Every structure is written in C-alpha cells, then in structure tokens.
Amino acid sequence: MSFHHFPLLKAASQFSQYLSLFVQYLTIQRRLSKNTVAAYSADIQSFFNFLLDTTPSPLYLSDIQTDQIIRYFQHCHQQRTSTRSNARRLATLRTFFRFLKDQAVITIDPTTAIDSPKIGHSLPKMLSITEVDALLRLPEKHPPMVLRNYAMLHLLYASGLRVSELVNLSLNSCNLSSGHVRILGKGNKERIVPFSATAGKMISDYLEYGRPVLLKGKPNAILFCSNRGTAMSRNRFWQIIRETAIQAGISKAISPHMLRHSFATHLLAGGADLRSLQMMLGHTDIATTQIYTHVDSDRLKEIHRRYHPRG
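When we follow the UniProt record's numbering, the leftmost residue of the sequence shown carries the number 1, and every step to the right adds one.
Rather than coming from a laboratory, the hints here were simulated on the basis of the structure.
One or more of the hints may lead you astray.
[Stated by the list, open to error] Taking lysine-lysine pairs in the DSSO-like style, the calculated list, with each CA pair at most 27 Å apart, reads:
id	residue 1	residue 2
1	Lys252	Lys141
2	Lys34	Lys186
3	Lys141	Lys216
4	Lys141	Lys34
5	Lys218	Lys201
6	Lys189	Lys34
[To be verified] Okay, the calculated beta carbon distance ranges per label pair:
id	residue 1	residue 2	range
7	Lys101	Ala42	18 to 28 Å
8	Ile192	Asp133	18 to 28 Å
9	Ser204	Ala253	27 to 37 Å
10	Gln103	Gly249	25 to 35 Å
11	Pro124	Ile28	46 to 56 Å
12	Thr54	Leu176	24 to 34 Å
In this text, all values refer to a predicted model and were calculated from it rather than measured experimentally.
For every residue, glycine included, the Cβ atom is placed at its ideal position computed from N, Cα and C.
Can you make the complete structure from the sequences, with help from the hints?
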C-alpha cells in the first residue's frame, strides 16, 4: 500500500475507535436495546461513508464541520429518505457529537446550528375490534405451528408487547396461574403485564401440544420456538402475522406493532387510565402514551360526525 493512504487509514481508525466506544456507552450507560444500538451505529456509519465518498483529504472527527452535515442531509433528501428517517439520523448524530465533546475529542459540536426537520403529526395505525376478532380466530385444524402462531398473536394483543419482546420471551416468562407475563423491554427494564384467560388457554395448548413437537428434542429455554426448534426471528413473525391477516380477510397492510397500537387504543376506549397503560406498554415518558388519546378523540369525532344530526 502506498504511503499517501496512511493518513486516510488513521482517520478511519480514529472513527472506528470512537464508534466502538460510543456503542459501549449506549449499551452500558444508556442501557439501550441491541436493535436501538445497531440503528445508531448504522446511522453514524452512513454519515461516515458519505464523508469518505465526498471528502478528498483525510478527515478526522475534529475536522467535521456543520456544512458537511448539511450536505449529507441534502444527499439523503435526494435519495428520497423520509423526513422521519432524517430526523432520526440527525438525533443520532447529535448524540454522537455530544459524546465526542464529553470525551474531549472535539471542542465544538457541529450539529448545534442545525434545525431538526419538522415531522407531521401521524397517528398510529390500528385494527378495529372486528378485525382483531377475525385475526385471532383459530382455524379448525391446528397443527403445532398454528398453535404457536395463534398463541403469539393472542399474547401480543392481550399484553401489548413489542415484537422483539415477544420473540425473546423465555419459557418461565409466562405465569399461567396468575395470568401475567414478565417482559424485559427497552433499556433492559422489566415490567409485568397481565394477559387474558383466552391468551392463557392458547399458550397452555401450545406448550402441551405444539412446543414439544417443534423442539424435536432440542433443549431450548425460549418460549416461542421456530419450526427448527430454535429462537424465532422478528422477520419471521412479521411474515406469520401478514399471512394470518390475509387468511382472515384483512386487506390492510398489517404489522406486529399494529396489534400493540390496537391493544392500547382499545384499552383506552374501554376506560383504562393513561398511567396504567403507560406501565403496561413500558413507556418511560407518559407523553409517548398520550398519542393514543388522540386516536380515541379522532374516533369520537368520527362518531359525532356520523350520528349527530348536524355533524
């Protein structure tokens, strides 16, 4: 390798070193989940790759200027990246550069002069109670895989889990006698959430008739195992819920998070208080939970418009 490549390698080495330290900081001190840390890392790597492609000379972390960050987001805009994604990327870079300043790697944070993109207020998509009933209706024939799929769907709607929480549940997470599930959520924070008697029956049937067949004799502490007796991926469960929705005659594009939204909205509509819902969803800030009050008020507006004589 020629000598003129050496400064570039040193700059890349410095970036890799501090990205690694940043990942440790997010994991150990901020206690963020693996998926969140991976998203942070990918956003920062995307920015650094842009710098490598557009900067002719070696660039150290202390050399990065505000105008280079602005050009990066202009590039993202040209690539038709959504406003929401750009807002997330900027938030990631803000956190990264604050970390670098705390570490005395830089003296000036180049993100402070950049305004965050304005994001429109978007309400969570959800299923109606009729659609949920159709989705959770167990078919007449239910081999082991079907028992597992419907146990997962019932628990997801009964307890409002995130999909990552669902697929990572261990065998001793569910207490069938008390009707509670112990969840390790974002930031490794534990919460205990109740589930319905119907969901408990579905889990019990799966444990008795489905799981032993799927395990094929393999020792595994995971609650919901794949067809090969191993842990199920989030992507695989996405496929399962979409396939089940099609079979149930649900035309809208469905996701696991839509069942979580439906859980929250239906509870509020039934009279649940916001603080209890916050605890069940595992939200650190109640402002995150308050979006569901907007969903319910929109539903009330629609009822008023439809049925009031002067609506």
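Going down the list of hints, with the structure as the test:
Between lysine 252 and lysine 141, the direct Cα distance comes to roughly 25 Å. Compliance with the 27 Å bound is thereby established for this hinted pair. Taken as a hint, the lysine 34 and lysine 186 pair is honoured in the structure, with Cα atoms around 9 Å apart against an allowance of 27 Å. For the suggested pair lysine 141 and lysine 216, the alpha carbons sit about 21 Å apart, so the restraint of at most 27 Å is met. At roughly 37 Å between alpha-carbon atoms, lysine 141 and lysine 34 are farther apart than 27 Å, so this suggested pair is violated.
For the given pair, lysine 218 sits about 24 Å from lysine 201 by alpha-carbon distance, which is consistent with the 27 Å threshold. Of the pairs offered as hints, the one joining lysine 189 and lysine 34 holds, with about 13 Å between alpha carbons and a cut-off of 27 Å not exceeded. A beta carbon spacing of about 22 Å between lysine 101 and alanine 42 agrees with the range 18 to 28 Å that was offered as a hint. Between isoleucine 192 and aspartate 133 the Cβ separation comes to about 27 Å, which falls inside the hinted range of 18 to 28 Å.
Range check, serine 204 to alanine 253: Cβ separation about 32 Å, and the 27 to 37 Å hint holds. Checking the proposed 25 to 35 Å range against glutamine 103 and glycine 249 shows it is violated: the Cβ atoms sit about 55 Å from each other. Separation of proline 124 from isoleucine 28 is about 31 Å and departs from the stated range, judged on CB atoms against 46 to 56 Å. A hinted range of 24 to 34 Å is violated for the C-beta pair threonine 54 and leucine 176, which are about 57 Å apart.
Consistency note: the structure conflicts with the earlier hints numbered 4, 10, 11 and 12.
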